[in-house]
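Take a look at the letters that make up each chain.
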Amino acid sequence: MYKITVTTANRTELKDITFDVNRLVERENIKDGICVLYLPHTTAALVINENYDPSVKNDIMGWLGRNIPSTGNYSHLEGNADAHIKSSIVGNSLILIVENGRIMLGKWQGIFLAEFDGPRTREVWVKFISESRR
Amino acid sequence: MYKITVTTANRTELKDITFDVNRLVERENIKDGICVLYLPHTTAALVINENYDPSVKNDIMGWLGRNIPSTGNYSHLEGNADAHIKSSIVGNSLILIVENGRIMLGKWQGIFLAEFDGPRTREVWVKFISESRR
Amino acid sequence: MYKITVTTANRTELKDITFDVNRLVERENIKDGICVLYLPHTTAALVINENYDPSVKNDIMGWLGRNIPSTGNYSHLEGNADAHIKSSIVGNSLILIVENGRIMLGKWQGIFLAEFDGPRTREVWVKFISESRR
Chain A
3 MYKITVTTAN RTELKDITFD VNRLVERENI KDGICVLYLP HTTAALVINE
53 NYDPSVKNDI MGWLGRNIPS TGNYSHLEGN ADAHIKSSIV GNSLILIVEN
103 GRIMLGKWQG IFLAEFDGPR TREVWVKFIS ESRR
Chain B
3 MYKITVTTAN RTELKDITFD VNRLVERENI KDGICVLYLP HTTAALVINE
53 NYDPSVKNDI MGWLGRNIPS TGNYSHLEGN ADAHIKSSIV GNSLILIVEN
103 GRIMLGKWQG IFLAEFDGPR TREVWVKFIS ESRR
Chain C
3 MYKITVTTAN RTELKDITFD VNRLVERENI KDGICVLYLP HTTAALVINE
53 NYDPSVKNDI MGWLGRNIPS TGNYSHLEGN ADAHIKSSIV GNSLILIVEN
103 GRIMLGKWQG IFLAEFDGPR TREVWVKFIS ESRR
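Listed in order, the protein sequences are those of chains A, B and C. With this note's numbering applied, the first sequence covers 3 to 136. With this note's numbering applied, the second sequence covers 3 to 136. With this note's numbering applied, the third sequence covers 3 to 136.
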């Protein structure tokens with residue numbers, strides 16, 4: 003298992019980690035199989051979406067902020083109940099395909115850590131499983 | 003990695019791809035392990051739910067349409083900001099278990115491509131990982 | 003593939019299954035790789051979040067209940083359309099990393115079955131894929 007460290011700068015933020023994941027694949031010389039990204043946090047998430055037009059990021063985080071507001075009738079008293087809910091809805095793991103030494107992504111896709119209770123230093127855990135040779 | 007091509011006919015649609023995935027498992031003679039489905043698109047998603055009563059599909063797409071409307075105060079100007087948000091919420095990958103040469107699904111479950119910005123021709127990427135022999 | 007049986011006591015409930023999953027990893031002497039949890043149901047989900055402060059569970063289920071109400075303008079007539087929608091939003095599978103004979107979880111994380119149409123007896127299917135030896 004490998005660890006990628008990600009530092010966020012704001013309370014909520016979609017941080018592009020595509021480069022970090024690809025660098026790890028290259029450094030470890032992974033050729034073929036699957037790559038599991040796992041986030042060991044309960045107030046952030048992992049998500050894949052467009053990394054070309056930054057307005058897409060704003061719209062995703064904007065919708066989450068309007069529909070899961072930071073203040074409300076919550077019972078968790080740490081002021082981050084919304085972040086726990088967002089994390090549960092978006093999800094804390096991703097599964098990616100690796101072929102010919104690179105992560106297979108669609109043309110417009112990037113890999114993002116979704117920060118919902120920052121700024122913080124986060125870890126992304128990474129596990130590679132190689133295709134079995136027959 | 004294999005590719006399944008899926009053609010959608012409407013702007014939003016839950017398209018059942020269970021048959022296509024099962025046919026691939028059979029054709030490639032996959033016996034045991036996991037099957038990863040990955041969608042290389044940012045305005046569609048993959049989801050598992052009931053494929054028996056079609057009203058379930060209507061209710062899922064209806065809820066998404068009412069709660070993530072196609073027009074709103076979005077900054078992405080291509081008219082499909084809602085599709086990007088839906089894709090992030092529902093997710094773009096699935097992981098399935100394969101045993102004895104078939105995808106293990108619950109009695110009422112089907113595998114769906116959720117189209118949020120169609121009609122389009124979509125690809126679903128498929129990767130099989132066999133169980134390691136001990 | 004292994005099966006874990008989970009009994010729920012209420013219509014909606016987040017039931018902690020961390021102990022059951024860990025016990026299986028130990029019993030089967032799994033050392034290293036990934037663990038796939040798959041739920042063969044269409045009115046429940048699997049989710050990872052905080053299992054320390056129980057108020058977090060209430061806030062997650064509370065948000066889902068308020069935003070995906072049990073009664074509404076649904077076409078599915080079995081009275082559980084909301085459960086199907088919640089299941090599609092939260093997701094029915096999880097992927098976990100196994101190292102040194104244990105599931106790798108963040109400090110505050112637990113594994114939950116989210117019941118949306120209980121009480122019922124549910125199954126969680128579990129598949130382990132070992133890391134390939136090089």
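Simulated from the structure, these hints should not be mistaken for laboratory data. Hints should not be assumed to be uniformly reliable.
Beta-carbon label-pair distances, calculated as ranges [unchecked claim]:
hint, chain 1, residue 1, chain 2, residue 2, range
1, A, R68, C, S72, 19 to 25 Å
2, C, N60, B, P71, 36 to 42 Å
3, B, N102, C, I6, 41 to 47 Å
4, A, T7, B, R25, 41 to 47 Å
5, A, P121, C, I6, 20 to 26 Å
6, C, E101, A, P121, 27 to 33 Å
Far from chain C, some chain B residues (derived; all Cβ distances over 12 Å) [as the list claims (entries may be wrong)]:
hint, residue
7, Y4
8, T10
9, N75
10, K88
11, G108
12, F114
Ideal placement from N, C-alpha and C gives every residue a C-beta, glycine not left out.
Practice task
Against the structure, test the hints numbered earlier, and report the numbers of the ones violated in rising order.
Solution key: 2, 3, 5, 10, 11 and 12
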